[in-house]
Amino acid sequence: METSKKIVLKFPRLLADKPIVYRLTKDYDLQFNILKASITPSEEGLMVMELIGEEEDYHQGMDYLLQSGVEVQPLSKDIIWREERCTHCGACTVLCPSGALIMDRDTMKVSFDAGLCVACELCVRPCPPRAIEVHF
Amino acid sequence: MAKTYQEINEKIKRGEAVVVTAEEVIDLVKDKGTKRVAKEVDVVTTATFGPMCSSGAFLNIGHSQPRIKIQKAWLNGVNAYAGLAAVDLYIGVTEIPEDDPANKVFPGEFRYGGGHVIEDLVSGKDIQLEATSYGTDCYPRKRLRTWIRLPDLNEAFLFNPRNAYQNDNVAVNLSSRTIYTYLGVLKPQLGNANYCSAGQLSPLLKDPFYKTIGIGTRIFLGGGTGYVVWNGTQHNPTVLRGENGVPRQSAGTLSVLGDLKQMDPRWLVGVSFLGYGVSLMVGIGVPIPILDEGILFHAAIPDEEIRASVIDYSDAYPQRKPDIVGEVNYRELKSGKVFIQGKEVPTAPLSSYSRALEIAQILKGWIREGRFLLGEPVATLPSADSGITFRPLKERPIQDQ
Numbered sequence: 001m002e003t004s005k006k007i008v009l010k011f012p013r014l015l016a017d018k019p020i021v022y023r024l025t026k027d028y029d030l031q032f033n034i035l036k037a038s039i040t041p042s043e044e045g046l047m048v049m050e051l052i053g054e055e056e057d058y059h060q061g062m063d064y065l066l067q068s069g070v071e072v073q074p075l076s077k078d079i080i081w082r083e084e085r086c087t088h089c090g091a092c093t094v095l096c097p098s099g100a101l102i103m104d105r106d107t108m109k110v111s112f113d114a115g116l117c118v119a120c121e122l123c124v125r126p127c128p129p130r131a132i133e134v135h136f
Numbered sequence: 001m002a003k004t005y006q007e008i009n010e011k012i013k014r015g016e017a018v019v020v021t022a023e024e025v026i027d028l029v030k031d032k033g034t035k036r037v038a039k040e041v042d043v044v045t046t047a048t049f050g051p052m053c054s055s056g057a058f059l060n061i062g063h064s065q066p067r068i069k070i071q072k073a074w075l076n077g078v079n080a081y082a083g084l085a086a087v088d089l090y091i092g093v094t095e096i097p098e099d100d101p102a103n104k105v106f107p108g109e110f111r112y113g114g115g116h117v118i119e120d121l122v123s124g125k126d127i128q129l130e131a132t133s134y135g136t137d138c139y140p141r142k143r144l145r146t147w148i149r150l151p152d153l154n155e156a157f158l159f160n161p162r163n164a165y166q167n168d169n170v171a172v173n174l175s176s177r178t179i180y181t182y183l184g185v186l187k188p189q190l191g192n193a194n195y196c197s198a199g200q201l202s203p204l205l206k207d208p209f210y211k212t213i214g215i216g217t218r219i220f221l222g223g224g225t226g227y228v229v230w231n232g233t234q235h236n237p238t239v240l241r242g243e244n245g246v247p248r249q250s251a252g253t254l255s256v257l258g259d260l261k262q263m264d265p266r267w268l269v270g271v272s273f274l275g276y277g278v279s280l281m282v283g284i285g286v287p288i289p290i291l292d293e294g295i296l297f298h299a300a301i302p303d304e305e306i307r308a309s310v311i312d313y314s315d316a317y318p319q320r321k322p323d324i325v326g327e328v329n330y331r332e333l334k335s336g337k338v339f340i341q342g343k344e345v346p347t348a349p350l351s352s353y354s355r356a357l358e359i360a361q362i363l364k365g366w367i368r369e370g371r372f373l374l375g376e377p378v379a380t381l382p383s384a385d386s387g388i389t390f391r392p393l394k395e396r397p398i399q400d401q
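Residue numbers (this note's numbering), protein chains in the order written: chain C, 1 to 136; chain F, 1 to 401.
Hints in this document: simulated from the structure, not taken from any laboratory. All of these numbers come straight from a predicted model, not from anything done at the bench. Incorrect hints may appear among the rest.
One side of the interface only, derived from the structure: several residues of chain C facing chain F at Cβ under 8 Å [to be verified]:
id : residue
1  : Thr87
2  : His88
3  : Cys89
4  : Ala91
5  : Thr93
6  : Val94
7  : Leu95
8  : Arg105
9  : Thr107
10 : Met108
11 : Lys109
12 : Arg125
13 : Pro126
14 : Pro128
15 : Arg130
16 : Val134
Note that beta-carbon positions come from the ideal geometry of N, C-alpha and C, so glycine has one too.
Model the full structure from these sequences, guided by the hints.
Printed below as a string of structure tokens:
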């Protein structure tokens, strides 16, 4: 069964120059879509990606990452919409490219679907009450 | 048959007043007609909850020992105006900390400012006050650094010089780069259209000629009780109006006042506009007494009959050119997309309709329970026949000698 998951990978300094993502494709037949990648000044790497492939291949790929010393966590935990802070002004809804932040036209209320979020962060700073937080 | 304020207030005291929101009254009038509804309904509650930049609070912090006549003051690092007596301050919502990088790295984030100070005060948080002065015989102290909090202040009242704008521009960007405005982030080439009005719920759109909203009108302000104390600054009642009398551009405004100690941070939210600055979202609710059929007719005007002008914020607005890109109505705006120059453009409100509706319902509850009586205006606001227009600045450059 095919699966598609968005994950955050943290690479320790020693692994920052290793072709880890290449191995995921080559050895485990996983397609990848990089949503964000950066290397900090202390040379730790951070990558947000979507992985698509067979369920079994995906799990083996995850085992490979963990054995290599890469920290893996699901993405949905990382973009936090603080509903209690949101005023439902809708400023984010015209900027969100994936339809994760939408406004219900009957209630005129904003909602956030973490499953659709691609963590592009375009909504974060334009939110007037700063109700959207990024946690890595 | 006309009603009076006194008659309606008597009904409110007896718990018999019929109160509906400005949203509910629309369908009522469609079903039953204005004549019947004008007899049945006593009050229509209107509301708005949006960023209102011309707002601020007066605070009297009490006298220190020894006394200080404050010359300069900062609340959590944000400059407060101190050019009043000794310990009276005014904190404006758009003030930013003196060390804020502002737009030096564009677009600036503007994480904290006067609006946030007011929200923090109302939330009951401790605020850092720093003050300096030059010292006098009667006020010898020159420096002050202390924590203050709202319940300990003598007086604290919100006094907003311009709120509840009667209609506002729909902002678009015709240029080829993203721009950062008080109406939010505008993507290039008509990428989005941002507006800022509660439309059919908005107080002045439901009383377009200010027949009932005047000086002395009692209102819901920031969760407490407040008053309309004057017309707002830039009050512009003589703009182009539709056949129904509703202004098609930004027109009338209100100056409002209320006790900060009664207010609630749910209705006063400090906000940051990327690349622009800070502000405060303010919740206002205004009751419209249905004194006659004419007042009801206006109170029942729906979104589709309220129009707003689309303005290009990359050029026409900053350069103060009169050009208008088009006109749309609030029903279209609320649908999430409008057509401008033949292109489908997604819309965002900035003003929160759902929170405005909540305010209209709270105010309806207060009036029904007999907790809130109508204030009869002691004077009316300048209206469409006043001849008052919004004057631009005529610059007279000063020649150096």
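Hints the structure fails to honour: Hint 16 contradicted; others consistent.
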